[in-house]
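Undergrad: Chain residues, written in single-letter form:
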Amino acid sequence: MNREALIQIVKQPVQWIEDRTGVIAFSTPLLSHHVPRSAKWWYVFGSATLMFFTIQIVTGVCLGTMYAPSASNAWESLRYIDEEIPLGWMLRALHGWSSSAMVVMMAIHMLQVFMHGSFKFPRELNWITGVFLLLTVLALAFTGQVMRWDQDAYWGLGIGAAIVDRVPVFGDQMRALMLGGPIIGGETLNRFFALHVFILPGAAIGLVGVHMTLIMKNGISEMPKPGEIVVPSTYRKGFEERMEKSGVPFFPDAAQRDMVFCGVCLILLVFLAAYYGPFGPGGMPDPTLINTNPRPDYPFMWIFGAVSLLPPASETAIMLISPVVGIAILVAVPFLSNSGERAPSRRPGMMLLAVFVVMAIVALTWEGVTSPWSPVMDGWSALPTPTQFVKGRTPLQMQGAVVFQYAQCRNCHELGGFGGKRGPALDEIATRMSPDQIVRQVQQGGGNMPAFGKNLNSAQMTAIVGFLSTLRPANEADSTIPGAQLPLPIKSPLVLESPFTGTGVPAEISAGVSSR
Amino acid sequence: MSDDSKGEAKKEGCAGCDCGGGGGAGGSLPPVAPQDARRGFMFKFGAGLLGIGGILAAVPIVGYIIGPARSRYRNEWVDLGATTLYPSGQTRFATFLNPIRQPTDGDAAKTACWVRCVEAGKFQVFAINCAHLGCPVRWFEQSKLFMCPCHGGVYYQDGTRAAGPPPRGLFEYKWKVEGGKLLIDAGRLPGLEESV
Ligand code: FES
Chain A
1 MNREALIQIV
11 KQPVQWIEDR
21 TGVIAFSTPL
31 LSHHVPRSAK
41 WWYVFGSATL
51 MFFTIQIVTG
61 VCLGTMYAPS
71 ASNAWESLRY
81 IDEEIPLGWM
91 LRALHGWSSS
101 AMVVMMAIHM
111 LQVFMHGSFK
121 FPRELNWITG
131 VFLLLTVLAL
141 AFTGQVMRWD
151 QDAYWGLGIG
161 AAIVDRVPVF
171 GDQMRALMLG
181 GPIIGGETLN
191 RFFALHVFIL
201 PGAAIGLVGV
211 HMTLIMKNGI
221 SEMPKPGEIV
231 VPSTYRKGFE
241 ERMEKSGVPF
251 FPDAAQRDMV
261 FCGVCLILLV
271 FLAAYYGPFG
281 PGGMPDPTLI
291 NTNPRPDYPF
301 MWIFGAVSLL
311 PPASETAIML
321 ISPVVGIAIL
331 VAVPFLSNSG
341 ERAPSRRPGM
351 MLLAVFVVMA
361 IVALTWEGVT
371 SPWSPVMDGW
381 SALPTPTQFV
391 KGRTPLQMQG
401 AVVFQYAQCR
411 NCHELGGFGG
421 KRGPALDEIA
431 TRMSPDQIVR
441 QVQQGGGNMP
451 AFGKNLNSAQ
461 MTAIVGFLST
471 LRPANEADST
481 IPGAQLPLPI
491 KSPLVLESPF
501 TGTGVPAEIS
511 AGVSSR
Chain B
1 MSDDSKGEAK
11 KEGCAGCDCG
21 GGGGAGGSLP
31 PVAPQDARRG
41 FMFKFGAGLL
51 GIGGILAAVP
61 IVGYIIGPAR
71 SRYRNEWVDL
81 GATTLYPSGQ
91 TRFATFLNPI
101 RQPTDGDAAK
111 TACWVRCVEA
121 GKFQVFAINC
131 AHLGCPVRWF
141 EQSKLFMCPC
151 HGGVYYQDGT
161 RAAGPPPRGL
171 FEYKWKVEGG
181 KLLIDAGRLP
191 GLEESV
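Chains A and B are the protein sequences, given in the same order.
Note that the working numbering has the first sequence beginning at 1, numbered continuously upward.
Note that the working numbering has the second sequence beginning at 1, numbered continuously upward.
The following block holds chain A by itself, in its conformation from the complex:
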């Protein structure tokens, strides 16, 4: 068979399909449309987000074939996928890691668009659909966390319900709508399941379609240059001329960069998933197992941090109003300024704002992860008293150290760097408070400390104050008696046990550290 005939054989069905569908005529402009020559590596993040979204759909559908969306056995079905289905754990890992990656890529993409002023005329709606995509993806992440149906999911729902419950007048009804009833139960999971697999993905697919259509209509923005000003009345004409003259076809010129970046991302994703495995499920969703420490997934850690740091008096208002205001501001961005300079160097205020927002989110996430406001629930029973605080003490003082542990003081106060961070560390308390002041503080509480007056008898109180008033660095006087004798002269180089590593630390070093 000669070459001509072969070509004919291939060509004919292609032509037939093209004639019936017009698919080539439809997709050619999608691939060949011109994009700015300056669109370099900054522009790959949107494509990466889309790739991760595709992975979410594929892995999500796969998981949907095994997951049991029912409160009575969702948790078991996840364990089954993890442990019994060949590579089931890997599929869950891919779904989990790709979801985080999608949130991260989206955030970077949005930041880039903001910093480059790409949301300005005529791309206002590109930005706004992007904002709604972000909200949809965050909602997918939250509902996805509920799908794990473990203790974090259960109590996370409880926190969500408690926030909704604070809405004035309709709070109760809204909570019932959210939970599908008056308790967190079967209907709750199924509501979130419907959201997670039908409503939100449907919304996301629709929004992606609109977002892409807008990109085709308005073109991809050029790299901003100082002095190149967006003037709505003339922008389109100039942009089209520049594209004609100096633009490059999206495929392959820009697409190849997307392909390289997405390829790297994809391989990284597979490695992350294979190495770190799936997220959860954590403890069984049994609300009578209360030895739990509910924490949200990373995309929401900053909200958890913020909620914990709000002043109690105004927290309801802030919790209910700030999301609305935040979303309104995001939507309003292109209307607040849709013309003028795009270059970051000419928009220093906006750059500061972006840096501030990023830093705030990072800082709040860190606060959320470390949760210094949470008592260390087993601090009193699990943490050893550092030896430097008991060595050479009198029996009464040592008894005080015991009462100190026993009364759960350690849950909120650090000694030797270990313990709760809710209250101040007490390593040097004797330099700040006299025994009298200590008695008053322990008895009456105050400054966010409960009063222990009723719960400690006078012997315990004497002991605990005896112990606390020895807590000061060597060579430093206590708060009220200037130049008082140290109760504990350290004579020879002692070796102190570090409570956790078990490695010895020479006493001079410890003393040096503690009296810094």
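Simulated from the structure, these hints should not be mistaken for lab results.
Heads up, a few of these hints could be off.
Derived coverage of chain A by chain B (criterion: at least 3 residues anywhere in the stretch with Cβ under 8 Å from a Cβ of chain B; other residues may be distant) [what the hints assert, rightly or not]: (1) 21 to 35; (2) 124 to 132; (3) 176 to 185; (4) 276 to 290; (5) 372 to 382; (6) 394 to 408; (7) 439 to 450.
Chain B regions said to be covered by chain A (calculated; three or more residues, Cβ under 8 Å) [as the list claims (entries may be wrong)]: (8) 41 to 53; (9) 57 to 69; (10) 80 to 87; (11) 123 to 135; (12) 155 to 166; (13) 180 to 191.
Think about it this way: if two alpha-carbon atoms lie no more than 35 Å apart in a straight line, the pair counts; the simulated DSBU-like pairs of lysine-lysine are [what the hints assert, rightly or not]: (14) B:Lys176 to A:Lys454; (15) A:Lys217 to A:Lys11; (16) B:Lys44 to B:Lys122; (17) B:Lys110 to A:Lys454.
Beta carbons: idealized from backbone N, C-alpha and C, even for Gly.
Since the structure of chain A is provided, determine the placement of chain B with the ligand on it from the hints.
TA: Frame of chain A, contents of chain B with the ligand only:
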């Protein structure tokens, strides 16, 4: 859509073809009057039918979704066992099956609470949920405090707020003693907008 624009669209769509589209084919005249009137009626009739059908179909759909918001769920008296399980002066952990439950709830229908026997025959029964945002509070016998693992809420043994962000003390269940058994009035998830 007005009949005017319809006529125009038709004209455009048929440009150059010979399909004989409608009575006024090829002409620039609008369709004749009787047809016009009938179309106008048909359009309104169709819209009306669709509207009625839509409302009829929406009733069950909307009702299904917002059903849970109607408060048809009532608390019930739940048995927490013999009062002798709760020694005087102590606070004990108790669990029960929520009287408001559905077949698919699984373990989620289990509920926990703290029972404090103030003195013989006198009780306080606290919800497990922190009054701040609902995390499970834990009782510490030695310091006689409830502590919350989420944002550091602390309560005294009588449930009053001791420290941290909670806006009030712990939620309390109504209780009664009947036939030597402690009963509490339980069901709905406690929240600020309602007392248990
Ligand atoms: S939920 Fe208990 S302190 Fe916030």
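Undergrad: For every hint, state whether the structure bears it out.
TA: Against the structure, the hints:
1. 21 to 35: violated (count 0)
2. 124 to 132: violated (count 0)
3. 176 to 185: holds (count 9)
4. 276 to 290: Check passed, 6 qualifying residues.
5. 372 to 382: With 5 residues closer than 8 Å to chain B, the segment 372 to 382 of chain A meets the three-residue bar; holds.
6. 394 to 408: Held - the segment 394 to 408 of chain A has 3 residues with a Cβ nearer than 8 Å to chain B, which meets the minimum of three.
7. 439 to 450: holds (count 4)
8. 41 to 53: violated (count 0)
9. 57 to 69: With 4 residues close enough to chain A, the hint holds.
10. 80 to 87: violated (count 0)
11. 123 to 135: Contact hint for the segment 123 to 135 of chain B vs chain A: holds, 6 residues under 8 Å.
12. 155 to 166: This one holds; 6 residues, not fewer than the three required, reach chain A with a Cβ under 8 Å.
13. 180 to 191: holds (count 4)
14. B:Lys176 to A:Lys454: Since the Cα atoms of B:Lys176 and A:Lys454 sit roughly 28 Å apart, the hinted pair holds (cutoff 35 Å).
15. A:Lys217 to A:Lys11: 31 Å, holds
16. B:Lys44 to B:Lys122: 71 Å, violated
17. B:Lys110 to A:Lys454: 34 Å, holds
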